[in-house]
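These protein sequence lines map, in sequence, to chains A, B and C. Using numbering that gives the first Met the number 0, the first residue of the first sequence is number 0, and each one after it goes up by one. Using numbering that gives the first Met the number 0, the first residue of the second sequence is number 0, and each one after it goes up by one. Using numbering that gives the first Met the number 0, the first residue of the third sequence is number 0, and each one after it goes up by one.
Please keep in mind that the hints were generated in silico from the structure rather than gathered at the bench. You can take every hint at face value.
List time: in silico DSS-like cross-link candidates among lysine-lysine, alpha-carbon distance up to 30 Å:
no.: 1; chain 1: C; residue 1: LYS110; chain 2: C; residue 2: LYS26
no.: 2; chain 1: B; residue 1: LYS505; chain 2: B; residue 2: LYS590
no.: 3; chain 1: B; residue 1: LYS699; chain 2: B; residue 2: LYS590
no.: 4; chain 1: B; residue 1: LYS498; chain 2: B; residue 2: LYS256
no.: 5; chain 1: C; residue 1: LYS463; chain 2: B; residue 2: LYS739
no.: 6; chain 1: C; residue 1: LYS463; chain 2: B; residue 2: LYS256
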Amino acid sequence: MTSFGTLLDRLIDDTLETSLCHFAPELALSGTIVALLLLRLFGEIDRWIPPYVTTLVGALVALGLCGTQLLDLLNGSQEAGEFFTGLLVFDHFGAFVRGLLALFLVLVVALTVLTGIPDREDGPDFYSLMLGSTIGMMIMASANHMLMFFVGIEMASVPGYVMVGFLKGNRKSSEAAFKYVVYGAGAAGVMLYGVSLLTGLLGTASLPELAARLTIVLGHSGGVGSAESLTALLAVLMVMVGLAFKLSLVPFHFWCPDVFEGASAEVAAFLSVASKGAAFALLVRFCMSLIGTDPGANPEFLTGIGLGLGVIAAVTVTFGNLAAYSQTNVKRLLAYSTIAHAGFMLMAVSALVVVLANGAAVPGFDVPEAARMCVEGLLFYLFVYLFMNLGAFAVVALLRNQTFSEDIESFNGVGWQSPALCICMAVCVFSLVGLPPLGGFWGKLVIFMSLFNIGEVHWFMWVLLVVGGLNTVFSLFYYIRILKAMFMREPAEGARPVEVPSAISNYALLIALPVLLLGLFPTWTTSLAHGVATWLIP
Amino acid sequence: MDSLGSELSKYLLLAWLLPLIGFAVEVLGGYWGNRQDKRAAYLAIACIGAGFLLSSFTFYRWGTETHWQAFAGSVSESGHASVADPSGSDGHEKPDAAHHPHKAAGTETTHGTPGHSETAGAHDDAAHHSPGPSYSGTFYTLATFGSLTLSIDYYIDSLTILMFCMVTLIATCIHIFAVGYMSDELTDEYVDHSAHTSDGHHVHRPGRFHRFFAFLSLFCFSMLGIVLAGNIFQVFVFWELVGISSFLLIGFYTERKSANVAANKAFIVNRVGDFGFIIGLMILWTYCGTFSFGDQDLNGHEQPGLFSMIRGSDGEITTVGDDVILKTVGHNGHWEAPHEGESNRTLPYFLLVIAGLGVFGGCVGKSAQFPLQTWLPDAMEGPTPVSALVHSATMVAAGVYLAARFYPVFTTEVLLTIAYIGCITLFIAATIAVVATDIKRVLAYSTISQLGYMMLAIGLGGWAAGLFHLITHAFFKSLMFLCSGSVIHGCHHEQEMTKMGGLRHKMPITAYTMLIGVIAISGLAIPGSAALIGFPIAFSGFHSKDAIVATALAYTSLNPIHFLLFLTPLVTAGITAFYMFRLWFYTFTGKPRDEHIYSHCHESPAVMCMPLVVLALFAAGCAFGGENGPLYHMIGNSEPLGVASGVEAGGAAGVALPSHHAIHEVHGTAGVVALLAAGLGTIVAFLLYCRPVVDPESIKRQFSGVHGFLVEKWQFDNLYDVAFVRPSHIVGRWCATFDKEVLDGILHSTARTAIWIGTIDRKFDETIVDGLVNVVGNVTRSVGMSLTVFQTGRIRQYVMFIAISVVALFALLFAFMPKA
Amino acid sequence: MDLIFLSVLIFMPTAGALVLAVLFNSKAVEPMRVFTVVVTAITFLMTLQLWMNFDPGVSGIQPEANGVSVEWIGTWNIHYRLGYDGISLPLVVLTSFISMLAALASWSINKLHKGYFVLFLLLETGMLGVFLALDFFLFYVFWEVMLLPMYFLIGVWGGPRREYAAIKFFLYTLAGSVLMLIAMLMFYFGSGGEFSILKLSAIGQGRVPGVQFDEFTQITAFILLFIGFAIKVPCFPFHTWLPDAHVEAPTPISMILAGVLLKMGGYGILRIAFPICPVGAQYGAYCLVAIGVISIIYGAFAALAQTDFKRMVAYSSVSHMGYVILGMAVWAVAQDGNIVVTSGRDYWLMGMNGAMFQMIAHGISSAGMFFMVGVIYDRVHHRDLNQFGGLFALMPLYSGLAAGIFFAGLGLPGLCGFIGEVFVVLSTWNFSPVLAIVAASGVILTAGYILWTLQRVYLGAEYKGPHADEITPMNAREATIGVTLLFMAIVLGVYPALMFDVMNGSMAELVDGMDAGLRAAQQSGASITMTPTP
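Please put together the full structure from these sequences, using the hints given.
Rendered as structure tokens:
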């Protein structure tokens, strides 16, 4: 019999030797928060070292750690595995997403430096919140347990609420924040109920065990259609509501346009990219855990979920694109665009679930490869999305500082006054549409390829493909409005010519360059994503 | 002999290309040159004159090499050769088709069903009138697709040479005439009295002397191209080019709206005919795989040309069932149908008919035959030399030339159609000419009418008669046009005959050369002269018209049901004499009707009169000897196989064609009645207009309905305007509207729907969701406690939405989940 | 070495654009104009070099049998593969030729010069890339690349409704390219991961043992591809973007649009849709021919009704490009026992060649027509056909050149338009007599609208519109462009073998390959039935 002491020893050993090591990026960020808060106490230091420097250093350290981890994992010098007694998992997938988050953090912080959104007084608060939120997202990305699932989401969300309302004295901003809080709270409640339902039904909260338990429960209860299966279905659904809220999927998207409109563009960029990336990581993890190591165990149940996701994806894409037409505020427009893009990415998840659940039934179909392609597409999409969406929001933020407006009309004729910014915008917008040779094209292409391929497993994927294709065309309509304003309209009478400092132009080009490079030379990123996917789906 | 074709082709090539070079130089030179410079004209004359010399030399070479056998009356058999002459390397001499005389009268062969076979009539005639030699070859290849080749070829026989001589001679005369006629363009400030600006002034513009001659040169090049062409595709190419030259020349006075409209009309109406032409081309191309007239030597592999393919070497169309068997087996100009069991190329008989009709459609357009005759009178908007050259002597005759050239492809049904079209045309045009008062228009209608005669002759099987008339008509009609030009020039651009009269005192050369033309076209001769001295004393027109009427008579006696084909031309011969003499009397005799014009009128300068005299000589004497004369013999030398022997009744049309022998038998009768008709017409004209016995005005009043109908040109222009021109504009507008309203409408409404849905979405967001929240919020806020806003309205609302969504999604999933 | 040469050729304009963007002062308008012309001229000379090196005896791809390539995206088996044959080479030369003239015609651009010239040069790279790419993916990328500059060139420098026209152009083309993308995916998965056009063609034509696109794939992919390309051609009913785009685009861009961009549709069909999907091509042949014929007639009728000079020319493009579709598709088959075989291969070959020639001819004549419209528009600033007249007297050289160019459009023998049209029409009877007759009737309508236009614009007693005092004769630069185009129109019209010698070999290979592909598909069980042709 193992004594409690041994257990404790083991726990400490485990924590000190592996867990904390695996948790290093989060620790770095946490340390930065502490440093920020402490530095303020010593008022003078605060003057010499602005908070963003501290934040940038912390974020860069975290990025470096994530990168090292990912490299170690890929070349085998570190083993993947659970840590913190199985609450979190350390693997390629998680490392990739965390790296992405860290990278994004760096870029957003750099942006806030240029736009000066938190003033000197607020800096520590703002950056603490952002760092905290990022930690939550990282936890989401490596969650291995329903508990961490919930904790991660909340940890990511709560600082987000505050950041949205960070523009003091702005009624819209506080309204948006409030809306976000209420929505978040509602979603969290539903999700928590789902978590408890699922845990109760399956008798475990550990993600790797879900699938096996589910098989047992469904097997005992007479399969799909039984009360147990319905309960499980409801539970899964409710859990997913929490994610759907984060992903702003229809019909849980109502907060999104208002929040983005109310929040500053920087925060909106942060929310639209980072929290979406983390939520997708979590969604994939959750789905994979339902599928388990034995694909094809509960085909009907899983197909139902997969198709459900597909329908939501189709509706979300269409809704997002349609609703974006009539927007006059650029941020609102981009908010709907992020809704649409979430739909595109969700298609990959839907295809993933469907192919893993059903693929084995099609003779000669390479199920793992098809599934890997879904993940690869999703990850690549996220990677490009990071740059192109950030680029778009960044340009909005930078121009707002010049024109003091975020209406499309305020962009009239800007294109010829500050070409660098607007070329950046053009690159990002065309990438969002999905035109080659820009990165966004590859993201879409790989997802479309997956859909096309998996259409052999289930015809609905072809429907999704058609919906995706049509939406790609239609999306052009509203994206182009931004460019139209920038390049084809005359500036309003008496408008002050926009002159942007070269640092800002360089930043914009810096963001736009990866979008172009990812389009021209996607190999490096796709093979990285492919490697990650291969680990996820052996 | 084998090198003769190549040699002749080189002369004719040069004669053909010289005007093109002239055109290029004149256009470029004119742009940089001086407006008062006559060099363009001299160059053009030099080019076409050199062309005439070359043509004449070709004629001489051809004659000496063939020992002038063509003129020997009946062609001896040893002179025949059909030579395939590929470019560069001359083909080897081919044994003569006529060495196989037993094939020439092939009634014994297994030629299909009686319904569609045509059998030769008189065997002896067939041997007598075998065609003379023809030479064909390729200048260069446009494209080759597998077994299909399109190239620029030549096809030379006596007809080609004759046409070359005729065209270049007349063109030279007209070029020289034009130097005088167009001399008022030699200025930097030309005042066009027929064109007005919106403020009522005359248009002032720089003179365009050089441009006129450039266009004339272009026309000569194109026209000679038609004549020299060795395949029907090439004919089509130059067909279009003469069309555009005609367009440019008709619209020479670009400032005059009427000229522009007439030019457009000419080209577009011609295109209607060309539409048929293309259909004919498509059929022949698809089924025969060649366009070539003569047999061709392709990469050492001999291929039959169109005529050989369809007629073989016996002049017969061979049918099996409803298909025509193409004669592809053989060599050296001797082709026959494949034997039974061998793979053969066939062409459905009805398609051969359509092809023939299609190509004839092109001829209808170009030769202004019914129903496409309306453009030619309007084409008189062009300067008079143009009317003389393009719109009477050469281009419009090209239709007849093509119909003759393509004769072997025409079936009896097509020939009957041609005959009737010609017949209708000659009558309609003649009736309109009777009431026309514009001197050029009278001539224009007369041209149409005479072209109708030619078509009629070809349709009746009078192949040589039709071409005979073509040549004679070219001379006397160009003469008359030039005379009218001289009159117009003398009267300072007055064209209305009603303002002329008595001009023969002022311009005698013009008047009497014109009279020669009038007599020639009327077909007058001295009665009894033939009986007295062995040949009739008459001008060219008598002989050629006589030949046509004889053919018609022989035809009608074979096919009594088609008696109109004899009666109409006969009556029209009288009408022709009437309106031509009417014109002459009106213009040159009697008292001046407009003193002002008369007093300023003057005889034209020598440069204009000289051509008149030359042409008058030809108009009078070119048909010397009639059907025993050299001209007719030369034409007959090119006559297609089987024409001479005639055709027995058969085919869907059930008509027989007269043989030479049959025509010869009725020749005397025909000559008498034709002369009677012409004489009658002349006398009536004399009585009405020269020594007025009856006042023409009172006749006009009495028959005002008929007169109006004729003045309105049988209402064709109005009919076409209503039936075609306006509808196509309406359809055009429909198409444009369809684009704007329907196709774009679909796009726009899609866009609108998308935006509308987008707005709905947004409205739903803003109104329903937020609205409820705000309503509740505002109400509560008015109460005062802002905190309570948050606690009451919004939370309930939002959470409610989440809950509803979850339930709805679950219900959906539940509904679609497969049941165990 | 060849790879480098071709790459330099394609990216020469891009390099020029970069130099222009970085080194030139945006106020230095004249140097930028000259520089652009020089860059396009160098590119043109390089394409002429290709023409010189071309061996007409080789029917396949040159410079090497499978094109020159380097791996681009290994994961997806995508190669940067370039090459040319008798189908693409004439179009490459046409592209650089028209681009050069369009650059020379760009003096009329009067604002934001730098951006204009940069985009102009980028556009040329996209166009050259499309014609030289032999990897479907690369083709697709270039196809889209050319879209973006075009959008801005119309949208920024265009006429009053430029935004509408630009978005319409963009939207249509994008819709087409999405369809193309789906077809590309079908091929990719159907072939086991292949993007090479040549290999896909080999598979489609049954020349690769073990792999074959089945009937369903071929037909579906063909329909998708055809719609994608038909939008670009454009044929009825996908053509309504064209009049708007043309009317609003500035003159040089109209020249490129009509002269080159429309050809991409036809080229795409010849390079991708036909060789990869012979079964689909045969399946759709009748429909294609009908679409071609409808476009001819419909375009002509619509042109007749226009009052805007440029719109008239735009609709004439619809009509003329109808011949291209028509000529390609006249693939007649006949039942021989249980299998169908090509009947009248030479006629089809003729139609194909005619279609190809028509593309080149239209490239020259329509670019010329748009240029001619531009010349007068620059002077009088309107395009209302009813408010011209009398230009022959005021601008004799211009009017003469314009008449020549318009006659080329009318299909006058001796000028380039004739050969393409008449060859196509002659080959049509073998496929369908009824459609052939309808197509042939186009000659009347064409003559109608072109002559009527000439009459209203150039003939007549006096000029009726505004700005009469600004009508000046053509300057030397404009005359150079006009003379060059007319000269080419005459050369091609008189000596078409210049083009046919280059294209015929590749066309014959394509025709025979598709014929073989049809038979291979039948042997592997495709149930091809003859489409009834009235």
